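Colleague: Sequence:
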Amino acid sequence: MCLAVPSRVIALDRDMATVEAFGETRQVSLLLMPEEVSLGDYLLIQAGGFAFARVEADRAEDSLRVMADLMAADSADVRAW
234 MCLAVPSRVI ALDRDMATVE AFGETRQVSL LLMPEEVSLG DYLLIQAGGF
284 AFARVEADRA EDSLRVMADL MAADSADVRA W
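According to our numbering, the residues represented by the sequence shown are 234 to 314, in order.
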């Protein structure tokens, strides 16, 4: 199973975007995106660095909040996830 972290677009350059999640930034390809991407959009990124879906902002922010809470719990028990 794969856990996709919603990442917010902070810069665009043709078919590439810079995205941010939890203070980390990275470059991702937009070649697989079926729709136009704008600054501030939240994207899901697959292994290999390809964005593949846009997520509504409220849903992405809810997911990020839950993930942050789980990370803050600092549980060694993987079942907590």
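You may find that some hints are simply not true.
Unchecked claim - Cβ pair distances, simulated, as ranges:
1. Val-299 - Asp-248: 29 to 37 Å
2. Glu-253 - Ala-305: 17 to 25 Å
3. Asp-302 - Asp-248: 21 to 29 Å
Hints are computed from structural coordinates only; laboratory data are not their basis.
Predicted model, so just to flag it, every value in this text is computed and none were measured.
Backbone N, C-alpha and C define an ideal beta-carbon position, used for all residues, glycine too.
Colleague: It remains to establish, for every hint, whether it holds in the given structure.
Modeller: A quick look at each hint next to the structure:
In this structure the hint that Val-299 and Asp-248 lie 29 to 37 Å apart at CB holds, the actual value being about 31 Å. Restraint check, Glu-253 to Ala-305: a C-beta distance of roughly 19 Å satisfies the suggested window 17 to 25 Å. A hinted range of 21 to 29 Å is violated for the C-beta pair Asp-302 and Asp-248, which are about 35 Å apart.
Going down the numbered hints, you'll see the structure goes against just number 3.
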